[in-house]
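Peer 1: Chain by chain, the residues:
4 protein chains.
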Amino acid sequence: MQLLAVVTIKVATTSLLQLPLTEETHTLVTTEYCTEMASKLVVSIDLKKKPWEQKYPLHNRWHPDIPPVAEAKEGELFRVEMMDFSGGAITKNPTADDVKYLDCSVVHNLTGPIRVVDKDGIPAKAGDLLAVEICNLGPLPGDEWGFTATHDRENGGSFLTDHFPYATKAIWYFEGIYAHSPQIPGVRFPGITHPGIIGTAPSKELLDIWNERERDVAENGVESLKLCEVLHSRPLANLPTTKSCLLGKIQKDNPEWEKIASEAARTIPGRENGGNCDIKNLSRGSKVYLPVFVEGANFSTGDMHFSQGDGEVSLCGAIEMSGFLELKCEIFRGGMKEYLTPMGPTPLHVNPIFEIGPVEPSFSEWLVFEGISVDERGKQHYLDATVAFKRAVLNAIDYISKFGYSKEQVYLLLSCIPCEGRISSIVDAPNACATLAIPTAIFDQDIRPKNNKVPTGPRLVRKPDVFKSTYDGNLPITKNPGATS
Amino acid sequence: MQLLAVVTIKVATTSLLQLPLTEETHTLVTTEYCTEMASKLVVSIDLKKKPWEQKYPLHNRWHPDIPPVAEAKEGELFRVEMMDFSGGAITKNPTADDVKYLDCSVVHNLTGPIRVVDKDGIPAKAGDLLAVEICNLGPLPGDEWGFTATHDRENGGSFLTDHFPYATKAIWYFEGIYAHSPQIPGVRFPGITHPGIIGTAPSKELLDIWNERERDVAENGVESLKLCEVLHSRPLANLPTTKSCLLGKIQKDNPEWEKIASEAARTIPGRENGGNCDIKNLSRGSKVYLPVFVEGANFSTGDMHFSQGDGEVSLCGAIEMSGFLELKCEIFRGGMKEYLTPMGPTPLHVNPIFEIGPVEPSFSEWLVFEGISVDERGKQHYLDATVAFKRAVLNAIDYISKFGYSKEQVYLLLSCIPCEGRISSIVDAPNACATLAIPTAIFDQDIRPKNNKVPTGPRLVRKPDVFKSTYDGNLPITKNPGATS
Amino acid sequence: MQLLAVVTIKVATTSLLQLPLTEETHTLVTTEYCTEMASKLVVSIDLKKKPWEQKYPLHNRWHPDIPPVAEAKEGELFRVEMMDFSGGAITKNPTADDVKYLDCSVVHNLTGPIRVVDKDGIPAKAGDLLAVEICNLGPLPGDEWGFTATHDRENGGSFLTDHFPYATKAIWYFEGIYAHSPQIPGVRFPGITHPGIIGTAPSKELLDIWNERERDVAENGVESLKLCEVLHSRPLANLPTTKSCLLGKIQKDNPEWEKIASEAARTIPGRENGGNCDIKNLSRGSKVYLPVFVEGANFSTGDMHFSQGDGEVSLCGAIEMSGFLELKCEIFRGGMKEYLTPMGPTPLHVNPIFEIGPVEPSFSEWLVFEGISVDERGKQHYLDATVAFKRAVLNAIDYISKFGYSKEQVYLLLSCIPCEGRISSIVDAPNACATLAIPTAIFDQDIRPKNNKVPTGPRLVRKPDVFKSTYDGNLPITKNPGATS
Amino acid sequence: MQLLAVVTIKVATTSLLQLPLTEETHTLVTTEYCTEMASKLVVSIDLKKKPWEQKYPLHNRWHPDIPPVAEAKEGELFRVEMMDFSGGAITKNPTADDVKYLDCSVVHNLTGPIRVVDKDGIPAKAGDLLAVEICNLGPLPGDEWGFTATHDRENGGSFLTDHFPYATKAIWYFEGIYAHSPQIPGVRFPGITHPGIIGTAPSKELLDIWNERERDVAENGVESLKLCEVLHSRPLANLPTTKSCLLGKIQKDNPEWEKIASEAARTIPGRENGGNCDIKNLSRGSKVYLPVFVEGANFSTGDMHFSQGDGEVSLCGAIEMSGFLELKCEIFRGGMKEYLTPMGPTPLHVNPIFEIGPVEPSFSEWLVFEGISVDERGKQHYLDATVAFKRAVLNAIDYISKFGYSKEQVYLLLSCIPCEGRISSIVDAPNACATLAIPTAIFDQDIRPKNNKVPTGPRLVRKPDVFKSTYDGNLPITKNPGATS
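Chains as they are written, first to last, in my numbering: chain C, 36 to 520; chain B, 36 to 520; chain R, 36 to 520; chain D, 36 to 520.
Bound-form chain C, shown alone (with noise of 0.2 Å):
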């Protein structure tokens, strides 16, 4: 690029070795006259069609196998558009059912694997860094809306499944850069959109290494829990299957179908491909640098998120929606050494880094909520910050739902407003402290204390509630012993 060679000028000529600037160092610097760019739709989708109905077809697994359904060039603006990650599952229809009842080896749909090409022509290759910039995203058009949801305990719960077994639902609408959701009345709020999945494709290698010590916690797991010491969710790893597995290109009567159905990765964890790894600001100008495993990167992304809170910790917990991004790469031949140091047992335990954009609401009030690793029942956990964070989460919705919300309503709200989850000290055994960090301009009252101004009940009554269906199943419920109701 004719920008490196002008940049190339200054740094030498700003250099101690003062070399002069002869016609030679001049004819590094040439006419940087680039051809115009209008985003090109690589990947259109149809909302009116099932995920596997697609013209490009979704996937949603983890695997090499899984064939690209189309090409990127390095420098080049390109637009791909994405279902919500339930593919059309989960509707407006008022009800948490759709939630309960969710079949969750159908998540997440997937657009990609998009193969990415060098200026020549040569594809990306294992061993080298993709850098994608996300230039734009958001809604598609006429589908302007998202939801939050929490899932029931027997069917993947959420990180509060032991004192909100239940699903619940709310539905959110937007009005341009603001959502706002008729079940919690009183928050209107700016979103930081942005897709909460992107990552390469595995190589087989990788692929074993994932599965095999996710076997290991599904099957031996419950021992080493350790929140609240209650079974926490169900199952505590998603393990391969061939139930609702999309693989893209590969139909069900393609031969190969079933074996790598059979082996394919679940794409709820994040992992060293990046994956599910849920970073609120990850909007507009950010870059992710992704490690290349299989040869022209296939990268997929889903999960646009209109807004999502640290933590996500409703689980389907963001504002959830379809919607389109327009993303240019670029390949670091040989990036992955130079930049990624491995990180574990083999060269493939590597995490991409990611680079956030200047664009962003600014809240200049912030209420923070503070938790220690000691847990409801006032057990001592040593330098916890899971533990830590959970007490920081219940403490936020105990406060807030004095505001006239129910806790269900405060829960999902956690979930997708733009709050900040920080370790704040994870040195000071026994205690981690964990806080959750709530931006006040995001409600229409003054949420803070106040000397003498908050009646002991709750005194704003919001009718409205979020959707909710019954738990029907047996785990035990945790019991906050010091709270009053």
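Don't take each hint at face value.
Cβ-to-Cβ under 8 Å is the rule here; a few derived chain B residues that face chain C [said to hold, decoys possible]:
1) G370
2) K414
3) I461
4) N486
Simulated restraints, written as ranges between beta carbons of each label pair [to be verified]:
5) K85(D) <-> I512(R): 52 to 60 Å
6) K85(D) <-> G123(B): 37 to 45 Å
7) G369(R) <-> P176(D): 47 to 55 Å
Calculated pairs, SDA-like style, for lysine to any residue (alpha carbon to alpha carbon, straight line, at most 20 Å) [to be verified]:
8) K284(R) <-> I295(R)
9) K108(C) <-> P158(C)
10) K75(B) <-> H215(D)
11) K485(C) <-> K160(B)
Bear in mind the hints are in silico, worked out from the structure with no lab data behind them. From a predicted model like this one, the values you see are computed outputs, not experimental measurements. Cβ coordinates follow ideal geometry from the N, Cα and C atoms, glycine included.
Given chain C, work out where chains B, R and D should sit, using these hints.
Peer 2: Coordinates of chains B, R and D only, in the frame set by chain C:
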């Protein structure tokens, strides 16, 4: 306060009830002439003296019977001064041995307790909420320096002590809002200065709860450890000890000293009373809402940090310094019940709430490192945010060390620059996903990945390094199998 | 609206009057189930057609008798589209001659008028206040480009037309939130996209006021000119003309056309109705409070800018583009009197109020250029902010041109990057002091002054330049006597 | 400085020339051990003494022959203290008469001159550029208060002196970063503290230029006035006078005193040397690049503001206070020619450049008032930003006074809160469009327009008001014909 009356009028006249603006409502509005308010010094420090020689003797334990050293009236601006957390034990000397051999039972040397009374002189009572506003703060004149350090693994360790078991130290000098260190060249940044510790005195009942639950971890905790299943640090909890105990006005010759010292809680972990929360944004303009457990609230503060990263990963990890605070208190009668729901078996299981102020450095670009709950040996942990955050920090250290730094330099850096440690996803079983976001502007070079720009080896040799002691213990050191060096 | 009821309850119960939360007050709280709100397209644009061929024909004049082309209901989200200000006359062709010979009487090609009615269908009335919220906006799909230009001095000129009398042009391409121009290499920045024009239809009385006062300046203004006492540009005011006049639905064959066209106000200056205010931060999440002068409010909008600097110094100076707006209206009955105090001889001498949204790029570093009210010939002007600002802009152009740019490139840049033009001091007689603050992050090089780093001559040769026409007029050109080149 | 060497290595190795990292380049990297840097006090102030009684006597004029009172070495952090601009003449007494009768020839009482030398002791020279970094600043301990005032029209006036011809005053008290005033209840805000004045000594040649051009305005300026064509204030320019002249170390008995005093420039306007620029964001972490006209640079500073609004509209308009600065200087040899292009007839017609720091209060919501260049009588002015800004300020005063304030209270407020005065459009002939943006968070009530919420009259009666004197002069007062009261 007259201001309330004014606010009330506003509220009343804007209501739908259309109260006419009569003589009566007028009379609610009265003059608000404030008397002049210069900050009153209530606790001074003489840096040439030891903690126990101070005019207002310091204390390093939490106990209801430590008597207040000063009184503050609601609404009045007052100033307190403090020593650094080590009480002067760690110096500018070019060695890390003062850290290695630090007697950890001396920390933290707190200023207080301060008894708080309302405008009529009636003290805060158990069950009230104490709002403390931090109006201003900074280093003590003539003492504009601080230090960042890691403890030896046999003496408290740090978050990555299994990787870095030895003591290290760097000295920072302040130029107004900026800090720079001769031991970590190429970095200069504005600090978000804050007190690491602010908390109220516990009641005897609360103290007993603390001691019991922490003793349980100290005695039985090893089997529940999960950080790579190696011993994290020694000890697991810091139990009461009369060694190096300072109880403020209760001197050693006091007949009660022995009893109080043997049951007073150590100040290392944050707990229900606030304490060592290390919330890095608790700077100018912030407010803390603390529960009151004893008459007068008896709050103490200390452990000033010029700057700290989320997590304070190196333990003695912020830029530690002496300093002053200008504070203003307000008592919310009965506010503890109103605002703080207990989260545990007793009404005392609460946590303070914090309000963050509007004045902070704004960084527009962040480089974000990610970790998932898979440890260095490749083992999968179930939704463990501590493991995920550890991996994110390790990733960041490795990456930044490519730009000419030793890993020890970066480790200290990440503990004191204003980096953000986030819980990005805590629900996508089995992987928790944590991130560490670093403001790129603090470096004098561009640390973002760039195509074809970084040589394969370290290219920017920065000769100075942190001060470093030897590790003479025998605990195993974690090796990252994937690292080349 | 139900929301109000809820707010009211909150207000009432927090008042000092201690209203009990009875059945009665309860009844004020009602459900708020919103119907789905997808943005409704009320005015579409076909870019392949001319302004007057559009389905909703455009207009380029302000007049009470231009009939509305569409209707919007209070509270409903709706979408309007617009052409660029020139109505397609300025193109991507690599020449500035389309700018040089632009018929200025065709601008601006506005979308509207939109008639606004309340929920009962009753239109806004003169004396109301119309709140228009900008929920979303952006380029039209497939038309992601724009241009920045300076007019020829004989054809409208620009702020520095006495220095730069010729027409110039640069083309910008959009990559999501970012813009870059082949003609101005080394710069890329996120836009704060906004409509340059939004305004209500004037009443006949207001229109007469405009025409009278502007005719006075056009006819007698030369002697009152003070910008270096040279003729600034021609003409001094753009008076009504039937030439190129577009009146929307009133076509040329309409018997009224001639009369309306001869008295309708030009759209170039901002006035009491809003209009061409060019407030660069009026982006997503902003609100405009417009006075209503005629039934239905009949507001129009146009002149979309991808990005603009304060002052829009090159006149056709923002990045001009076609685009869409998603809007929501609210009518404040009688709000004009309540909120807008007239500042002048009649109740019509008001100005709109604006509310800026929370979502903007955050830049943490600014380089600030200053100017005082002493002109290029050294003459002192009394508290003249225009002269001071002109000098600040000249200083900035000269400085930045040292980094490899032509002065014309910088001039166009300063007109479209998000720079801030401030009135720093307007009281320190005889000097007004104005500043121009430039975010340094938009350049690919560090433009701050550095010790021993900048060679004496331009060192970063950037070959491409803006498109440029000749100036064939005979007005004198201002030379800066102090400039070396 | 070693840092430069390090930077250079980085630069060199990233260039396209691919310099190998040899021994040679290695040797450029050397240790950077800094010596400890505590701020050195070079100029102290005793607030109990008069300006001329100080140990380092103050000066209130610009002249090359005022000798330095102290010396600062490049790279060293040093501290200077200053009196408030009036040198203690304006007090906390509850009257505005001290303002009304202030002898304006005593202002500003500057600290300095400070002579700057490089590390080898060689002084800055004419033609150099002096970079002054503001590392820290604040009020003097024990003197945490300030004032805002308007002058009487016969004694300097203010921006709106034709509307408000009398002297007024409000006292502000500081609580750390916050200020509040008993005279303007309901407002509390964080200050962006800064020195209003920082400038280098002029050469004799530059001084002559100033005196000549300002004398011309003072003598012939009335006919060129355009602010509503009424006399704006008296005098039009403040010419040299021996009255109340302070020349620092040159005492009255010095034979040169008379000559210097009669030609030394007044400090009221900002000029080529910097001086009274009143750039409200010049706070912690900012840098000023000043031209050097005499040996040693001899820079002076003063006029500390706790906070100021753009424009400083009430003249004595920021929150004026005494205070301290911690500074660090750097000399760019020959930098004036390199970086500052003269804009005028001589090489001395330059302006300083400023760099704004990253630490400021962040406000997320702004209410924006607009003005166009049509004056209160309805007369059209041609692109006059001063008239436009005047109208924006008048609009803001009128609007905010609806919320329970007197217009005088708002006028003082707009002069000292961190509001932004912007030149929005300076090209849309004949109207300049200026805006005044006000951060809404500083009020204890919501000042945004709301539907059906504001009664027709003032509803929030705030009894206290500013201190106010009578106007005894005979200049006509501008009435806004459209105002109802």
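Peer 1: Evaluate each hint against the coordinates.
Peer 2: Now for the hints, and whether the structure bears them out:
Interface hint at G370(B): satisfied, since its Cβ lies 7 Å from the closest Cβ of chain C, which is below the 8 Å cut-off. Interface hint at K414(B): satisfied, since its Cβ lies 7 Å from the closest Cβ of chain C, which is below the 8 Å cut-off. The criterion of a C-beta within 8 Å of any C-beta in chain C is met by I461(B), whose closest approach is roughly 5 Å, and the hint holds. The beta carbon of N486(B) comes within 5 Å of a beta carbon in chain C, closer than 8 Å, and the hint placing it at the interface holds.
At about 54 Å, the CB distance of K85(D) to I512(R) agrees with the hint of 52 to 60 Å. Between K85(D) and G123(B) the CB atoms are about 42 Å apart, so this pair conforms to the stated range of 37 to 45 Å. Between G369(R) and P176(D), the C-beta spacing of about 53 Å keeps the proposed range 47 to 55 Å intact. Proximity of K284(R) to I295(R) is assessed by CA-CA distance (about 12 Å); at most 20 Å being required, the pair is judged to hold.
Restraint check: the Cα-Cα separation between K108(C) and P158(C) comes to about 9 Å, which is no more than 20 Å; the hinted pair holds. For a cut-off of 20 Å, the pair hint linking K75(B) to H215(D) stands: about 18 Å separates their Cα positions. Taking the CA atoms of K485(C) and K160(B), the gap is about 17 Å. The hint holds against a cut of 20 Å.
In summary, this structure violates none of the numbered hints.
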